[in-house]
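We have chain A; now place chain B onto it with these hints.
Spelled out from the first residue to the last, the chains are:
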Amino acid sequence: MPRDRDQITTPPDGQPMTEQPKWRRDFPIDIPEDEYVARRDLIKFMALTSGAFVCGHAFLAAHSLLRAAEPAADAARPIARVNDLQVGESLSFAYPDGENAPRILVRLDEERFVAYDQQCTHLLCPVQARFEEGVLHCPCHNGYFDLQTGNPIAGPPRRPLPRVALDIRDGVIYATGIELSPP
Amino acid sequence: MAVPQELEFFVDPGRCIGCQACVQACTECDTHKGQSMIHLDYMDRRLSPQTVPMVCMHCDSPTCAEVCPADAIKRTEDGVVQSALQPRCIACNNCVLACPFGVPKMNTDMRLMMKCDMCYDRTSAGLKPMCASVCPSGALWFGTRAEIEAARPRSMPVNTFRFGNQTIRTKVNVMVPRPAGPSLVHITAALSERGTSHELIDDVFTANLYV
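Protein sequence lines correspond, in order, to chains A and B. Reading the first sequence from the start, the letters are residues 0 to 182 in numbering that gives the first Met the number 0. Reading the second sequence from the start, the letters are residues 0 to 210 in numbering that gives the first Met the number 0.
Check each hint, because a few of them may be wrong.
[As the list claims (entries may be wrong)] If you anchor each label on the Cβ, the simulated ranges turn out as follows:
hint: 1; chain 1: A; residue 1: Lys21; chain 2: B; residue 2: Thr159; range: 28 to 38 angstroms
hint: 2; chain 1: A; residue 1: Phe58; chain 2: B; residue 2: Gln4; range: 48 to 58 angstroms
hint: 3; chain 1: A; residue 1: Glu18; chain 2: B; residue 2: Gln4; range: 36 to 46 angstroms
hint: 4; chain 1: B; residue 1: Leu190; chain 2: A; residue 2: Arg23; range: 42 to 52 angstroms
[Claimed, not checked] Facing chain B, according to a computed beta carbon distance under 7 angstroms, are these residues of chain A, among others:
hint: 5; residue: Pro11
hint: 6; residue: Ile42
hint: 7; residue: Ser89
hint: 8; residue: Glu132
I should point out that these hints are in silico values taken from the structure, not numbers from a laboratory. Predicted model, so just to flag it, every value in this text is computed and none were measured. The C-beta atom is built at its ideal place from N, Cα and C for all residues, glycine as well.
The following block holds chain A by itself, in its conformation from the complex:
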């Protein structure tokens, strides 16, 4: 007698499985109908999943290594004149492209300027310079970065702000590239 190989057990009342109460369909007697995970299947799943994790991390590591090694190919772009900012003042600008890359320029003293990515490395809120305290402050979650280096000091952020390389020629400040890790 040919029988369906997947569902061979007949319920006691002899009715088809579609007529049966839900609990009977939820707890089938036949092993092919049951969601029984064999040890071999579990180990296969674990091995493949952890293999995928390894590959993903290798890709991420290679990607960030390549990105760090890439020379700053962005063209130098004038941002502001030296005389536009007093000591302690800051200025927002976009570099290299329009809206997606907000940066902040701060004049530390007569000679020195620094520029960072304005997006906090925690959740991309805009950071603001507090010159008197020597920090960049992110108001969203009270994150603090060192104004001199861009390193995180307090709060949720764990990575330094990417720094914009600057070049001052003839009284004009040019942005020349982005340093992902602080010098």
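For chain B alone, coordinates are given in the frame of chain A:
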């Protein structure tokens, strides 16, 4: 791997001589070492030396699995009802009490129900079950239907049983005499009948037909 569809188990209680070979063979199996899954019962020891071997009948609607509250008793795709899954079995004894054939055995030390699984490790590889491979009188027999019909023309296999209002169809067959062979074995009716001696009528199932 699955048990080949053409290979079936046939139990012929009338041929059983009570030699205990099946019990010993079953005890030696590595999957339940030291414990026999086969029942070898005396019918009525005062009147008759008749013994009956009882293996799992592998019902189409397994009562043991129906009553299991822990969803531990499962049936493979070839129709073999397996022992309780060890991580699920709660040793509640429901299956032992519910099985109309009295097959499941509760191992209280291991807190696990174990039952005859037709030697699934052997039969799924095309071998005979241990009991059928040692039975000297052919009371337990494993092979194709054509073979047993050729070898025992006076018997025929029956796999339908009635317990009260419960009618059960099984994967394992019982051999009954052909001339007046019933289409099913009415077990509850047989319980109220007078016992018949082995010497008078040589077959326990025929005995029920003449009352």
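These are the hints, each one checked on the structure:
Between A:Lys21 and B:Thr159 the beta carbon distance is about 30 angstroms. The supplied range of 28 to 38 angstroms therefore holds. For A:Phe58 and B:Gln4, the hinted distance range of 48 to 58 angstroms is satisfied, since their beta carbons lie about 49 angstroms from each other. The hinted window of 36 to 46 angstroms between A:Glu18 and B:Gln4 is violated, with their beta carbons roughly 27 angstroms apart. A C-beta distance of roughly 31 angstroms is found between B:Leu190 and A:Arg23, which places it outside the suggested range of 42 to 52 angstroms.
Residue-level restraint check for A:Pro11 holds (minimum Cβ-Cβ distance to chain B is 5 angstroms; threshold 7 angstroms). A least Cβ separation of about 16 angstroms between A:Ile42 and chain B goes past the 7 angstroms threshold, and the interface hint is therefore violated. Because the beta carbon of A:Ser89 sits about 64 angstroms from the nearest beta carbon in chain B, more than 7 angstroms, this interface hint is broken. Of the supplied interface hints, the one on A:Glu132 is violated, with its beta-carbon coming no nearer than about 61 angstroms to a beta-carbon of chain B, more than 7 angstroms.
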